[in-house]
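Visitor: This is what each chain is made of:
There are 2 protein chains.
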Amino acid sequence: MKKTIITISRETGSGGHSIGKMLADRLGYAFYDKEFVAEVARETGIDAETILQNGEYMAEGAFFERAIGIAPVTRSGKIPYEEIKRVQDGLIRRIAEKGNCVIVGRGADYILRNDPRALHVFIHASMDYRVRRVQEKDGLTGQEARIRKELEVKDRSRGTYYQYYTDRKWGKVANYHLVLDAGLFGQEQCCDMICGALAYLNGREA
Amino acid sequence: MKKTIITISRETGSGGHSIGKMLADRLGYAFYDKEFVAEVARETGIDAETILQNGEYMAEGAFFERAIGIAPVTRSGKIPYEEIKRVQDGLIRRIAEKGNCVIVGRGADYILRNDPRALHVFIHASMDYRVRRVQEKDGLTGQEARIRKELEVKDRSRGTYYQYYTDRKWGKVANYHLVLDAGLFGQEQCCDMICGALAYLNGREA
Numbered sequence: 004m005k006k007t008i009i010t011i012s013r014e015t016g017s018g019g020h021s022i023g024k025m026l027a028d029r030l031g032y033a034f035y036d037k038e039f040v041a042e043v044a045r046e047t048g049i050d051a052e053t054i055l056q057n058g059e060y061m062a063e064g065a066f067f068e069r070a071i072g073i074a075p076v077t078r079s080g081k082i083p084y085e086e087i088k089r090v091q092d093g094l095i096r097r098i099a100e101k102g103n104c105v106i107v108g109r110g111a112d113y114i115l116r117n118d119p120r121a122l123h124v125f126i127h128a129s130m131d132y133r134v135r136r137v138q139e140k141d142g143l144t145g146q147e148a149r150i151r152k153e154l155e156v157k158d159r160s161r162g163t164y165y166q167y168y169t170d171r172k173w174g175k176v177a178n179y180h181l182v183l184d185a186g187l188f189g190q191e192q193c194c195d196m197i198c199g200a201l202a203y204l205n206g207r208e209a
Numbered sequence: 004m005k006k007t008i009i010t011i012s013r014e015t016g017s018g019g020h021s022i023g024k025m026l027a028d029r030l031g032y033a034f035y036d037k038e039f040v041a042e043v044a045r046e047t048g049i050d051a052e053t054i055l056q057n058g059e060y061m062a063e064g065a066f067f068e069r070a071i072g073i074a075p076v077t078r079s080g081k082i083p084y085e086e087i088k089r090v091q092d093g094l095i096r097r098i099a100e101k102g103n104c105v106i107v108g109r110g111a112d113y114i115l116r117n118d119p120r121a122l123h124v125f126i127h128a129s130m131d132y133r134v135r136r137v138q139e140k141d142g143l144t145g146q147e148a149r150i151r152k153e154l155e156v157k158d159r160s161r162g163t164y165y166q167y168y169t170d171r172k173w174g175k176v177a178n179y180h181l182v183l184d185a186g187l188f189g190q191e192q193c194c195d196m197i198c199g200a201l202a203y204l205n206g207r208e209a
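Chains as they are written, first to last, in the numbering used here: chain H, 4 to 209; chain C, 4 to 209.
All clues stand as given, with none of them false.
When the alpha-carbon atoms are kept at most 30 Å apart in a straight line, the in silico BS3-like pairs for lysine-lysine are as follows:
(1) Lys152/C <-> Lys175/H
(2) Lys140/H <-> Lys175/C
(3) Lys152/H <-> Lys175/C
(4) Lys24/C <-> Lys175/H
(5) Lys140/C <-> Lys175/H
(6) Lys101/H <-> Lys37/H
(7) Lys175/C <-> Lys101/C
(8) Lys172/C <-> Lys175/H
(9) Lys157/H <-> Lys172/C
(10) Lys175/C <-> Lys88/H
(11) Lys24/C <-> Lys152/C
(12) Lys101/H <-> Lys88/H
(13) Lys81/C <-> Lys172/C
(14) Lys172/H <-> Lys152/C
(15) Lys175/C <-> Lys172/H
(16) Lys140/H <-> Lys175/H
(17) Lys172/H <-> Lys172/C
(18) Lys157/C <-> Lys140/C
(19) Lys175/H <-> Lys157/C
(20) Lys172/H <-> Lys157/C
(21) Lys175/C <-> Lys175/H
(22) Lys175/H <-> Lys5/C
(23) Lys5/C <-> Lys172/C
(24) Lys88/C <-> Lys175/H
(25) Lys37/C <-> Lys175/H
(26) Lys81/H <-> Lys37/H
(27) Lys5/H <-> Lys175/C
(28) Lys152/H <-> Lys172/C
One-sided excerpt, in silico: chain C residues whose CB lies under 10 Å from chain H:
(29) His127
(30) Gly174
(31) Ala177
(32) Val182
(33) Gly186
(34) Phe188
(35) Gly189
(36) Met196
(37) Leu204
(38) Arg207
I should point out that these hints are in silico values taken from the structure, not numbers from a laboratory.
Ideal Cβ placement from N, Cα and C applies to all residues, glycine included.
Work out the full structure: start from the sequences and follow the hints.
Guide: Put into structure tokens, the structure is as follows:
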């Protein structure tokens, strides 16, 4: 069966978003990353910021609170994890139904783990590369220690969220068909390699 | 710097050995997998079977015995892990020194983790694919449950060995530049993709 869905999981700051966008543009596929937020906000009535903060992140504290049956709260009230998750998952399934799409993050690799049309990709990079990318993007010089810490916290809370909902470890090789170090290859080449893999698989399956 | 060393880590039965061999032949590189065993036997005087069993495998029990300072023993006596490891690591470093080589397993990805000439690859595949490969290789029909169990045990003891000596988890995406699902892509295509990655990197770096 042809691969017409690409899920991209990624370490924070590794460039998975940009590679996904580049890939979608090149293939003429729909692209979903932050696009989820507005749509989930519309369907649930929950504010976009809450969805952005909790649609693929979970603090380690929240993991334990939930494990013992306590709903985690923030200063602004309970975090509606379950509702965000339910609507977001439904959205991912509807998007996948149509095919021809690139989906970044949101545990889509797990939701679509048994979909034969899905190619599951993971993008990572060294911490140095990721810190430099954030500096360039935000026009910063220095502040390496702060950026590094933020990246680590974000990765950890992606991992916690993923493990909470999937019972799988985030970032295990066996969960992905193709894993690329964007720091070594660069973003263009990662895009080329994913396109090459697709062309091969779809040519062979056609 | 040009990539002239390829380390291949692999799930048991995924075809990492065959892909490595194919790659070495295509590139005209030296190939090391079971080749280590005879060389380590020669240098240490330890019998080949003991080296084969303990040069990249460690039972979970042995991990705990070692962690609390007890040398694990088998019916034939103490397992000389440290001596095998020391000689094997030295051999890996000498091989790497010369470059133009493909090294399968033995934690070479860790030993050479800071060598800028090394490309670190991980090959995995679904359990179904791996069971089928073992059946074909050994000319078996049926016995899926037994084969599956053996593969799981072997993977687990590779993971235990790796973690004991590296303090890293085996099979984490961040430790590899390129990870391929050989069950999806097939062995020829995995070889093609690794060659493509090398050609790109070495062309760019040349």
